[in-house]
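Peer 1: The chain contents come next:
There are 2 protein chains.
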Amino acid sequence: MKTKQTNQPFVDLAETLIPHLYEEKVFPTSLIDIVKDTDAFQGWRTVRTDSIDELANRVLSKGDSVTLDFGVHQVGYLTLSINNVHSNADAPLRLKLIFGEMPCEIGEDFDDYEGWLSRSWLQDETINIDVLPGTVTLPRRYTFRYLKIIVLATSQRYSVSFPEIYCKTVTSGDVSQVKPLPDGISNELKVMDRIGIKTLQDCMHTVFEDGPKRDRRLWIGDLRLQALVNYETFNSNDLVKRCLYLFGGMLLEDGQVGACLYEKPAPFVDDIYLYDYSLFFVATLYDYYEATKDRITLNELWPIAVEQLRIGLKRLDERGIVTDDDTWYCFLDWHDELNKQAGAQAVLIYCLKRGLALAEKLGEGEAHAFISSAIQQATDAAMTFLWDQDQGYFTSGPSSQISWASQIWMVLAEVMDAEQNGMLLDRLFDRPPAIAMSTPYLYHHLIEALLLSGRKEKALSEMRAYWGEMIKDGADTFWELYNPSDKKLSPYGSNLINSYCHAWSCTPTYFIRKYFVNENS
Amino acid sequence: MKTKQTNQPFVDLAETLIPHLYEEKVFPTSLIDIVKDTDAFQGWRTVRTDSIDELANRVLSKGDSVTLDFGVHQVGYLTLSINNVHSNADAPLRLKLIFGEMPCEIGEDFDDYEGWLSRSWLQDETINIDVLPGTVTLPRRYTFRYLKIIVLATSQRYSVSFPEIYCKTVTSGDVSQVKPLPDGISNELKVMDRIGIKTLQDCMHTVFEDGPKRDRRLWIGDLRLQALVNYETFNSNDLVKRCLYLFGGMLLEDGQVGACLYEKPAPFVDDIYLYDYSLFFVATLYDYYEATKDRITLNELWPIAVEQLRIGLKRLDERGIVTDDDTWYCFLDWHDELNKQAGAQAVLIYCLKRGLALAEKLGEGEAHAFISSAIQQATDAAMTFLWDQDQGYFTSGPSSQISWASQIWMVLAEVMDAEQNGMLLDRLFDRPPAIAMSTPYLYHHLIEALLLSGRKEKALSEMRAYWGEMIKDGADTFWELYNPSDKKLSPYGSNLINSYCHAWSCTPTYFIRKYFVNENS
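Chains as they are written, first to last, in this note's numbering: chain A, 1 to 521; chain B, 1 to 521.
Next comes chain A alone, as it looks inside the complex (with noise of 0.2 Å):
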């Protein structure tokens, strides 16, 4: 690994301001069964089979199971109360326990993945139990909806029972913060508000995690988004500024704002680096200070915040371009064929302005002088070299290939006026470009962008058609990955390995507080 640039003061600040995690005991709601049905989300439907009264009644030998529904999306530490039935139990127990957060966790094989991020990140268990009656509390931290439990092993004299089986949710999000909506807002938007808040407490721990389930670490891609939503509810302003002196004090070789990091077994940041990720520490910072006027924090993290700008200006070519190549060097969606030299260039004029205006909040001359030409420069050169006049749409790389991301990008980063981005949006719709929108991280800033361009109801519409859909397909909180027309769309080779309560998905709450509170929606 190359070397990094550590502040350790930075990282000790950062470690005090550790949050306290709220506790509650959630016991399961039913027993169900999952089973196949080709009309349903992603093959799989959940049937009530009994009430929970009947759980601890229920008696299990080997080879028999149970599945219980914890009624929504848990974060935490899982008990099992273990009766011997029939005799004492002259072995020990083994059981196969499977967590999902969906069904298909539940109704497929975990044997059978092949995807490529690691299978450890599918959750299950087999344990070994030597001592009956008793209580087992697993130490990981699972997240789930749903829990199978398989009897590997009792003996040929002994059956089980649970007579008690419950999570201890933890989350740092107290919910004491967070304001009802006041009357006037419709159902489905208190709905997907609701469901919205619940995705983001579910990802704060002692930092805000991109997803429980997996990477469980801090990105500042899922950060900057999850600040947005937190000020709007949670006012976990502390935890912001807990991970934003932790990306600030663990550097990568150059300087950079590495793209994720890791709290455990001490805190490091990640080799990764995004161009835009890196960039979004001076967003992520300017919002920051928007919601608390945190004046020292603002004062400590500025130089940082400066030097991103300085280090994403280097990439620019002799055009003023964001030089392409074929690396993940700069995120944007998960989408394959996206190119992303045009969003990378918006990202650098966005990020560019939220850098002017805090220069100008600190007085920084200087810093203010050479942001405002830069501004201009990669403005200009967008114009000239990547807008297409004739299309009217910008366009990104060698092949001059046209994207949604492209669009919406230059849209939040104002290259043109807001009347031009408007009609921008609007062709978007009318002549959709083939390059579309993957994620629900994008999705995200087309719903900014619209807002931002004075299209309020086709945001509504789309967040609609997009999160609203998720609802109707059964998310109680919010996924990482949704395509209403692929409902099965992993960019890791397998469904069941993506995150079915992300981060970057809250952002509904956001906007709905933000824009839609005290109007009839």
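Treat the hints with caution; some may be incorrect.
A pair holds if it fits inside one copy or across any two, identical chains being indistinguishable in the list.
[Said to hold, decoys possible] Restricting the straight-line Cα-Cα distance to at most 20 Å, the calculated cross-link-like pairs of lysine to aspartate or glutamate (EDC-like) are:
1. Lys36 to Glu300
2. Lys361 to Asp130
3. Lys96 to Asp112
4. Lys96 to Asp109
5. Lys361 to Glu457
6. Lys472 to Asp486
7. Lys96 to Asp124
8. Lys168 to Asp130
9. Lys179 to Asp271
10. Lys96 to Glu125
11. Lys487 to Glu114
12. Lys96 to Asp130
13. Lys190 to Asp473
14. Lys353 to Glu290
15. Lys62 to Asp33
16. Lys168 to Asp69
17. Lys62 to Glu114
18. Lys4 to Glu263
19. Lys62 to Glu125
20. Lys96 to Asp111
21. Lys458 to Glu469
22. Lys264 to Glu15
23. Lys487 to Asp336
For the record, the hints were derived by calculation from the structure and aren't laboratory data.
Assemble the complex: chain A is given as a structure, and chain B must be docked to it using the hints.
Peer 2: Okay, now just chain B, sitting in the frame of chain A:
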């Protein structure tokens, strides 16, 4: 379950005698492969592949494995230090750990196991580790010499290494109590003695366990033999006392001492009743008193002992012969075809005689008289109805079966005089009965009978032919089951589930120290 009789003060006293466990950190000694070899014991051979110093350098990726030899048999808790290699661990690590007392447990697939004891006794774990580098201590106790570690999943980015792996062994046996053998003992007997001591040591925990892999509990048949070895070695006499009070404190419905008992979650006696095992409470108490002269314990437990004799006598028919039946009413040996009647009759007489000696010591005149008369009655009946003068053997059951077990126990019961007993034993070797011996437990009684009858040389040659052969076949603790002519013998349908460190097999140490010390053997 039937109601049982609990004498809580006895159980409470037993609980005050829970011994201290001695711990030791034991490291593996070499890296090995387990390979198929039809000439090797049970078809599996170990091959040393590398020095243990190489372990820390070995880098394992998904699908890789490493097998460790801990040098000798261990009972304890496993700790693994694990490093990520090449990159940080961006996904959990999933490992399979397979523990084996014997090479067969590593070589064969537990998933193919079809024995009738629970598969849960086979020691394997699948564990998921969320944080690397890290140190993991597994919560369960394992019994093993060999450990295979299979890397089931890492991620595409990282591999793992194991800088340190060790077992923290536990035993309540204090090795400093064990006196070295005097000079003049052959090396062969020294080795046999050492292995017997190690066998007992590995079975000594908070009770005398029958086998630390399986069943991990207190059986009175094993206890009696363990206590005999203990008096010659560890002198953990309070542990014998604890076990006697546990049995005496928790009786079966009709006042019988149970065959086995459990310590957790709270002490309780199993439903299993065995005719011989209940009677052995008397013999074990007798041996304990002989070793300790602990009159208080004798006084307290005497009523339970004498009750076992009364219960045993109730099974005599009008002829004075133990009523036979087809159930597992009496143990004697693991042998499907063995008829138990004559052996049970002999065990009854053997235990009556120990009871008589105790009654005499206690001045219990009434008991003395009834026991004397019972001995006479049972002995006369045995000679009248079971002794076959023509064949020179005791017969058993409706088909007048002749077995080793019946003769051995009749000798130990001293139904005939010493000279006749000696001739009976000689006859066994000249004209061996078809119903042979199966377990070390019965072999113990053969050796004891030979020594009682002055056949010291024969006893020694039989010890060599049996436990000596186990040693040649690789035992570093003595086994539950061993048949030199059928090395995969198991009464449970699979030799994988046999216990390879088993209490009832540890008595060569007792014989050597009691009968062969201070002589040139």
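Peer 1: All hints are to be evaluated individually against the structure, with a verdict given for each.
Peer 2: Now the hints, each set against the structure:
1. Lys36 to Glu300: neither (55 Å within a copy, 66 Å between copies)
2. Lys361 to Asp130: Answer is neither; intra-copy 64 Å and inter-copy 43 Å both fail.
3. Lys96 to Asp112: both (16 Å within a copy, 17 Å between copies)
4. Lys96 to Asp109: Answer is both; intra-copy 12 Å and inter-copy 18 Å each pass.
5. Lys361 to Glu457: Result: close neither inside a copy nor across copies, 34 Å intra and 102 Å inter.
6. Lys472 to Asp486: For lysine 472 and aspartate 486, only the intra-copy Cα distance (15 Å) is at most 20 Å; the inter-copy one is 65 Å.
7. Lys96 to Asp124: Both, since 7 Å and 13 Å are each at most 20 Å.
8. Lys168 to Asp130: between (23 Å within a copy, 19 Å between copies)
9. Lys179 to Asp271: neither (39 Å within a copy, 61 Å between copies)
10. Lys96 to Glu125: both (6 Å within a copy, 11 Å between copies)
11. Lys487 to Glu114: Answer is within; shortest intra-copy Cα gap is 18 Å, inter-copy 42 Å.
12. Lys96 to Asp130: Answer is both: 15 Å inside a copy and 19 Å across each meet the 20 Å cutoff.
13. Lys190 to Asp473: This pair counts as within: shortest intra-copy Cα distance 17 Å, inter-copy 74 Å.
14. Lys353 to Glu290: So lysine 353 and glutamate 290 pass the 20 Å test inside one copy only (14 Å; across, 94 Å).
15. Lys62 to Asp33: Answer is within; shortest intra-copy Cα gap is 18 Å, inter-copy 33 Å.
16. Lys168 to Asp69: within (15 Å within a copy, 40 Å between copies)
17. Lys62 to Glu114: between (29 Å within a copy, 13 Å between copies)
18. Lys4 to Glu263: within (16 Å within a copy, 55 Å between copies)
19. Lys62 to Glu125: Result: close both inside a copy and across copies, 17 Å intra and 18 Å inter.
20. Lys96 to Asp111: Both: 13 Å inside a copy, 14 Å across copies.
21. Lys458 to Glu469: Classified as within; 16 Å inside a copy, 86 Å across copies.
22. Lys264 to Glu15: within (12 Å within a copy, 42 Å between copies)
23. Lys487 to Asp336: The answer is within: 17 Å in one copy meets 20 Å, while 60 Å across copies does not.
The structure does not agree with the numbered hints 1, 2, 5, 9 stated previously, though it agrees with the rest.
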